[in-house]
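For this one, chain A is given, so just place chain B on it according to the hints.
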Amino acid sequence: MAFPGLMSRVTDVLEGFLDPQLRKRIDALPRRNLNEFGVDPFGCDPEIIKLIAPALTFLKNRYFRVETHGAEHIPADGRFLLIGNHSGQLPFDAAMVGTTVLTEAPTPRLVRSMVERWSADLPFVNELFVRSGQIVGDPRVCARLLEADEAVMVFPEGVKGISKLFAQRYQLADFGQGFMRLALQTRSPIVPFAVIGAEEQAPAIADIKPLARLLGLPAAPIIFPQFLPLPMPTRYRIWFGEPMEFKGAADDDDDVVAAHVKKVKNTVQRMVDHGLKRRTSVFF
Amino acid sequence: MATRKVTPPTTAPEKKATAKPVAAQAERRSTARLARPRILVTSGASDLGRVLCRRLHRDFDVVSVDTRAFPDRPKDVEHHEVDLRRKAAQTLIKKKKPEMVVHIGPMHDERPGRARGGSLLEATAALLKLVEEVGARKFVVLSAATLYGPSPVSAAFMSEDAALLGGQRHPRMADAIAVDMMVQSFFWKSPGTETVILRPVHIIGPHMQNLVSRYLRMARAPTLLGFDPMLQLVHEDDLTDAVVKALGDGVRGVFNITGPTQAPLSRVLAVRGTNAIPLPGPLLAAALSRMGAFRLTRVKDDELVHLKYACLVDGKRASTEMGFTASRGLQDALRDM
Numbered sequence: 427m428a429f430p431g432l433m434s435r436v437t438d439v440l441e442g443f444l445d446p447q448l449r450k451r452i453d454a455l456p457r458r459n460l461n462e463f464g465v466d467p468f469g470c471d472p473e474i475i476k477l478i479a480p481a482l483t484f485l486k487n488r489y490f491r492v493e494t495h496g497a498e499h500i501p502a503d504g505r506f507l508l509i510g511n512h513s514g515q516l517p518f519d520a521a522m523v524g525t526t527v528l529t530e531a532p533t534p535r536l537v538r539s540m541v542e543r544w545s546a547d548l549p550f551v552n553e554l555f556v557r558s559g560q561i562v563g564d565p566r567v568c569a570r571l572l573e574a575d576e577a578v579m580v581f582p583e584g585v586k587g588i589s590k591l592f593a594q595r596y597q598l599a600d601f602g603q604g605f606m607r608l609a610l611q612t613r614s615p616i617v618p619f620a621v622i623g624a625e626e627q628a629p630a631i632a633d634i635k636p637l638a639r640l641l642g643l644p645a646a647p648i649i650f651p652q653f654l655p656l657p658m659p660t661r662y663r664i665w666f667g668e669p670m671e672f673k674g675a676a677d678d679d680d681d682v683v684a685a686h687v688k689k690v691k692n693t694v695q696r697m698v699d700h701g702l703k704r705r706t707s708v709f710f
Numbered sequence: 012m013a014t015r016k017v018t019p020p021t022t023a024p025e026k027k028a029t030a031k032p033v034a035a036q037a038e039r040r041s042t043a044r045l046a047r048p049r050i051l052v053t054s055g056a057s058d059l060g061r062v063l064c065r066r067l068h069r070d071f072d073v074v075s076v077d078t079r080a081f082p083d084r085p086k087d088v089e090h091h092e093v094d095l096r097r098k099a100a101q102t103l104i105k106k107k108k109p110e111m112v113v114h115i116g117p118m119h120d121e122r123p124g125r126a127r128g129g130s131l132l133e134a135t136a137a138l139l140k141l142v143e144e145v146g147a148r149k150f151v152v153l154s155a156a157t158l159y160g161p162s163p164v165s166a167a168f169m170s171e172d173a174a175l176l177g178g179q180r181h182p183r184m185a186d187a188i189a190v191d192m193m194v195q196s197f198f199w200k201s202p203g204t205e206t207v208i209l210r211p212v213h214i215i216g217p218h219m220q221n222l223v224s225r226y227l228r229m230a231r232a233p234t235l236l237g238f239d240p241m242l243q244l245v246h247e248d249d250l251t252d253a254v255v256k257a258l259g260d261g262v263r264g265v266f267n268i269t270g271p272t273q274a275p276l277s278r279v280l281a282v283r284g285t286n287a288i289p290l291p292g293p294l295l296a297a298a299l300s301r302m303g304a305f306r307l308t309r310v311k312d313d314e315l316v317h318l319k320y321a322c323l324v325d326g327k328r329a330s331t332e333m334g335f336t337a338s339r340g341l342q343d344a345l346r347d348m
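One line per chain: the protein sequences are A and B, in this order. 427 is the number of the first residue of the first sequence in the numbering used here; add one for each residue after it. 12 is the number of the first residue of the second sequence in the numbering used here; add one for each residue after it.
Next comes chain A alone, as it looks inside the complex:
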């Protein structure tokens, strides 16, 4: 770097905010895939997590005040796929699930999520994503990660899920089949989860599709009352379910795989409904 002194001072300051308990958990992350440069084949460096963890734990503990249920279902080792509902216009739900797995799971795990392709064009953001293990979505990359016994998070609803309108809140959009084929191919268990609270963080009353096309964005929602998709401090409740295992060939016919997918979708929907029933207030 051009200013090595400055950089090390900045990292020192950032690491100063890190909770010692969390530092221990980050140090305990599996590091068997790292090479002599301290990165895994995709460029992820667990040390970088120490710099962003303070901001993430602030969001988790103070802003969204995440309430976790069923963290004991997160496997201590080996590969698994995290499959859940997507909501809230901006992917704070993904960040919170990742942070929760890092801080609350019996054994800390680093969740690798699939990010949008255009994020590779954003300066700094792409660097941060790559170093912290978030990867441009691609089934081959996903399969490679799972084969290296990593934890991968996929939102099968995709953009349809995150940009749904307030009227459709907590109704799952169609699930893609890609995740199930991956699970079958790599024989990975699926850990379902439900995030309650993210739907209300940025309520969209309409989606102006022509404007989205014009700007090259996945959606152009009109958000009420705060106009920008910045989230309101709703309380998040994250529910993890028991791991589900499926058997079969990855290249089975669509209807065979669709049956498996339906099972997972129903499980997630049931968890969402259960979570909503147990919730007493959106903000508290």
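Check the hints yourself; a few may be wrong.
What the hints assert, rightly or not - Partial list, computed: chain B residues near chain A (C-beta under 7 Å):
id : residue
1  : 163
2  : 164
3  : 167
4  : 237
5  : 239
6  : 241
7  : 272
8  : 274
9  : 275
10 : 278
11 : 342
Hints in this document: simulated from the structure, not taken from any laboratory. The structure displayed is predicted, hence computed values, not measured ones. Built from N, CA and C at the ideal position, the CB exists for glycine as well.
Relative to the frame of chain A, chain B by itself:
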């Protein structure tokens, strides 16, 4: 895998036979040592060509052709200053009848002050015709892994089946892709020749003067602010190893050639002791095109894409089918430049 397939069936039955065939075999072996297979290396006077000739002349009878001189060549390397597109080269190759041909593709042969515009395409076409005519049993072409194209979506470890998408912006790259394609169709046209396409990642080493090596040798190197792509490099000695492996009997197909690990650009520069100077992309691109206009640099602004996106390839096929694994670690390779 290839060598294992070839050797045992030929030696095993002969061992059982009487003394006579054994003696004959020994004799054949000694004459084989004298009459070494003849190999033709094109662009033999380029950086990579020189390194290759120096490695190959130990086991092969090397004939090198290039339009440039090759003054410091090993004594037993025969060098001819000819242009492959001309009759002189064609008569020469027909006379020499090489058993094997190593063709260095356009990505590994930068020539200053000369517009290449398709000349290498013509040369490759002429060479392929000659290979067919003289009935060479092996044809190895050095293509490049950058042809897959660094792009925002290419974070995956690309296999040999991935599409070559690097050519949209860069004429030399487009040429190189055309050469690669031309040789791919040669697989089908001439099944009697064992054709191998090697697609190595960026090659570095003490003898290399290519863009990456020049970049990594700088004391202060510009990088793109906010971007730090993963980089794969291979040492020149490992590459020549791969070429020797590709010349083995029974090897054919397309192979990515890469080093054992990959690392972010910033950490590669740190190992080199280079001072990275992060500059905003548009500023660096404008500076390069301005400098290019004044003939201060030959680096085009579209080369900056290598500082922005990763282009990672999977070298698994080369290790399983050809038995190639790079012997130099990345740090080791970076120190030996």
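### Message
Less than 7 Å between beta-carbons is the criterion; does residue 278/B satisfy it with respect to chain A?
### Response
holds, 5 Å
### Message
Less than 7 Å between beta-carbons is the criterion; does residue 275/B satisfy it with respect to chain A?
### Response
Since chain A brings a Cβ to about 6 Å from residue 275/B, closer than 7 Å, the hint holds.
#### Entry: Interface restraint verdict for residue 274/B against chain A (beta-carbon cut-off 7 Å)
holds, 4 Å
### Query
Against chain A, with CB atoms and a cut of 7 Å, does the hint on residue 163/B hold up?
holds, 3 Å
### Task
Answer holds if the nearest beta-carbon of chain A is closer than 7 Å to that of residue 164/B; otherwise answer violated.
It holds, given that the least Cβ distance between residue 164/B and chain A is near 5 Å, below 7 Å.
### Query
If you take the shortest Cβ to Cβ gap from residue 272/B to chain A, is it below 7 Å?
holds, 4 Å
### Message
Just to be careful: measuring from the Cβ of residue 239/B to every Cβ in chain A, is the smallest value less than 7 Å?
### Response
Check passed: Cβ of residue 239/B comes within 5 Å of chain A, closer than 7 Å.
#### Entry: Evaluation of the interface hint that places residue 237/B against chain A, nearest CB under 7 Å
Residue 237/B check passes; min Cβ-Cβ to chain A is 3 Å, inside 7 Å.
### Query
Does residue 241/B pass the interface check with chain A, least Cβ-Cβ distance below 7 Å?
holds, 5 Å
### Task
Using Cβ atoms only, decide whether residue 342/B comes closer than 7 Å to chain A, and label the hint accordingly.
holds, 6 Å
### Task
So, residue 167/B near chain A? Judge it on the closest CB pair being under 7 Å.
holds, 5 Å
Checked against the numbered hints given earlier, the structure satisfies every one of them.
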